[in-house]
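S.K.: Chain order of the listed sequences is V and G. Read left to right, the first sequence gives residues 1 to 434 (this note's numbering). Read left to right, the second sequence gives residues 435 to 594 (this note's numbering).
Do not rely on the hints blindly, as some may be mistaken.
[As the list claims (entries may be wrong)] Cβ-Cβ distance ranges computed for the label pairs, FRET-style:
| hint | chain 1 | residue 1 | chain 2 | residue 2 | range |
| --- | --- | --- | --- | --- | --- |
| 1 | G | Val439 | V | Ser66 | 31 to 41 angstroms |
| 2 | G | Val472 | V | Glu325 | 22 to 32 angstroms |
| 3 | G | Leu560 | V | Gln79 | 28 to 38 angstroms |
[Unchecked claim] Rough simulated footprint, nothing fancy, chain G against chain V, three-plus residues with beta-carbon under 8 angstroms:
| hint | stretch |
| --- | --- |
| 4 | 11-17 |
| 5 | 42-50 |
Quick caveat, the hints were computed from the structure, so don't treat them as lab data. Even for Gly, the Cβ is constructed at its ideal location relative to N, Cα and C.
Take a look at the letters that make up each chain.
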Amino acid sequence: MNGSTPAAGWSPTAALFRTAVVAGGLALLAVLLRRPDLLYLAAPIALAAAVDLVRPVPSAPSAELSLSEDVPLEGGRLQANVRVIAPDADVVAIAVPVSGWVQPPGGRTGVVAGRPDRSGLVALAVPLTARRWGRHRVGPAVVTVAAAGGLLRWGPWPLPARTVRVLPLTDRFEGAADVPQARGTIGVHRSPRPGEGSELSGIRQFAPGDRLRRINWRVSLRARELHVNATVAERDADVIVILDGRYDAGASGGIDGAASGVDIGVRAAAALARFYLRLGDRVGLITHGERVQSLPPAGGRRQLTRLLDTLLDVRAPLVLTGEPEIVDPVGLDPRALVILLSPLVGRTVFDRAAALSRLGHPIVVIDTLPEDATPPVESPWTDVALRVWRLQRETRVHRLGELGVPIVAWRGAGSLDAVLRDLARAGAAPRVRR
Amino acid sequence: MIPRVVLAAAAVVLLLAPWPAPLSLAGAATLVGAAVAVWAVRAPGSLAPLVLLATAVVSWLSAVPDPGLARIAAFAAAGYAVHSAAAISAAVPAGAPVGATLLWRWVGQTLAVLVIGWSLVAMTALVAGLPGSAGLVIVGMLAAVTFVALPAVVVRRGRP
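Sequences are here, hints too, so could you generate the full structure?
M.R.: Following this line, the structure appears as structure tokens:
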């Protein structure tokens with residue numbers, strides 16, 4: 001076992017001091033006061049200590065904290081395992097304190113005390129549930145080993161905490177629409193242009209350059225003229241997901257509770273990234289939270305891992321004065337589909353969305369503000385202020401819509417289908433820069 | 435959790451065994467002992483169990499000049515149970531479930547130690563004749579010297 005062994009050794013306990021004082025003191029009192037009845041109390045204490053201390057000092061214990069899974073999904077179950085090897089010990093106590101969003105079902109600290117088996121092993125398994133995405137700590141586990149009937153003790157010593165990366169992959173996006181503007185000549189999206197592909201777009205007359213294997217013999221025989229199956233080219237696309245985590249609206253209740261604005265944003269970003277990467281697209285990510293994180297577009301499973309890892313660090317900063325900026329995305333492919341996930345709080349996000357749209361990017365804004373979000377501070381003016389703020393927000397949303405930027409609320413599977421279809425149609429038409 | 439329950443129960447028996455008059459030194463010691471018992475259950479790794487045993491002994495000595503055998507047995511068994519339960523409880527977090535193997539071994543060891551310890555005292559008394567004889571004095575002195583020297587030996591062994 002690759003466990004840790006504490007530097008400290010066996011140390012005497014208060015019980016050993018008590019043994020000496022009580023046994024010795026009672027023996028003296030018995031003699032001085034001529035009270036032999038006191039020896040009936042002193043003798044068992046002295047005898048037990050003598051028996052326990054005659055045995056050799058136990059060897060150094062070792063312990064290890066491990067997790068059954070380091071990267072569970074939100075709502076997933078895992079297990080914290082503590083294994084202590086302490087030969088010749090009498091009592092081994094193990095406690096695994098847990099806090100935050102990875103908790104035992106009852107929310108209680110996992111704790112157990114027992115006697116090692118013949119191999120000197122004591123094990124504790126604490127079932128845990130990952131209730132919210134993010135990086136969470138399990139432990140540090142605390143181990144205490146007692147020997148010689150509790151007269152000697154090793155510890156308590158802490159076993160280093162383990163980090164759990166809980167992935168926000170619960171809200172699957174099952175879109176069916178194509179991206180507005182494909183980028184390369186490979187991929188699975190239908191291009192508006194005819195070309196080599198597997199998606200049938202119609203049947204037309206044979207023309208020089210057509211491959212023989214595309215001839216549709218049944219139609220050709222009927223028409224007595226060569227006809228070929230026409231297909232559209234299949235393309236891949238760049239998708240840039242911008243997550244606005246500068247403000248978190250509402251309180252998070254974990255996987256089985258209410259979702260905050262950042263919860264919705266992170267889960268939606270993860271679902272979108274997974275969906276488009278599975279289609280063979282290149283997906284990039286820019287997050288604005290406590291710090292700005294940027295991940296250039298790439299494809300493949302490794303990119304999904306990188307994206308999810310980046311999302312785990314999204315946290316709303318403590319904003320005291322002023323509105324945090326949303327940085328201008330650098331080196332963005334003009335044909336890239338930009339998906340902006342935001343609770344639409346403040347002015348900057350509207351300005352940035354409008355600027356991206358003016359630059360010619362097909363952009364979709366996903367509103368991640370929870371429907372029941374309320375301000376944390378309640379005062380007599382809260383209702384009025386909230387109503388004014390909502391009106392102001394609606395005005396800005398309306399203005400953004402006038403610029404041709406669609407804004408949809410995240411509703412999980414199929415949220416963007418209609419919007420992407422409209423954008424794809426608009427993308428096929430000649431563009432006029434506003 | 436169970437060791438602490440045993441500790442609390444043993445403390446009650448220990449303090450009630452002398453059964454003193456309320457308005458006496460023994461009664462006062464019992465009241466102090468009751469408060470200390472709570473402290474001992476909450477912090478079994480502290481000096482509280484020692485103070486509890488000391489107050490119980492003071493109460494016993496002042497309230498029971500000539501105890502019967504059953505009373506001695508109850509007092510001594512409760513005292514030893516307080517001592518050993520506190521030793522185990524100090525290593526076990528409050529509320530922790532304790533393995534059955536540990537509990538049964540503890541119960542067995544406690545019974546064995548009590549029986550053997552009392553047998554030794556009884557045999558010593560028989561050999562020495564009357565209580566308080568010269569033989570008993572020598573045995574008592576030897577026991578006292580042994581247990582004053584014992585911690586020093588243990589501490590030296592425990593250090594690397």
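S.K.: Has the stretch 11-17 of chain V got at least three residues whose CB is nearer than 8 angstroms to a CB belonging to chain G?
M.R.: holds (count 7)
S.K.: State whether the coverage of the stretch 42-50 of chain V by chain G holds or is violated, taking the criterion as 3 or more residues with Cβ-Cβ distances under 8 angstroms.
M.R.: holds (count 9)
S.K.: Take a look at whether the Cβ-Cβ distance between Leu560/G and Gln79/V falls inside 28 to 38 angstroms.
M.R.: With Cβ atoms ~59 angstroms apart, the hint is violated.
S.K.: Val439/G and Ser66/V, beta-carbon distance inside 31 to 41 angstroms?
M.R.: holds (33 angstroms)
S.K.: Does the beta carbon distance between Val472/G and Glu325/V stay inside 22 to 32 angstroms, or does it fall outside?
M.R.: Given about 59 angstroms between the Cβ atoms, the range is violated.
In the structure shown, a violation is registered for the earlier hints numbered 2 and 3, in ascending order.
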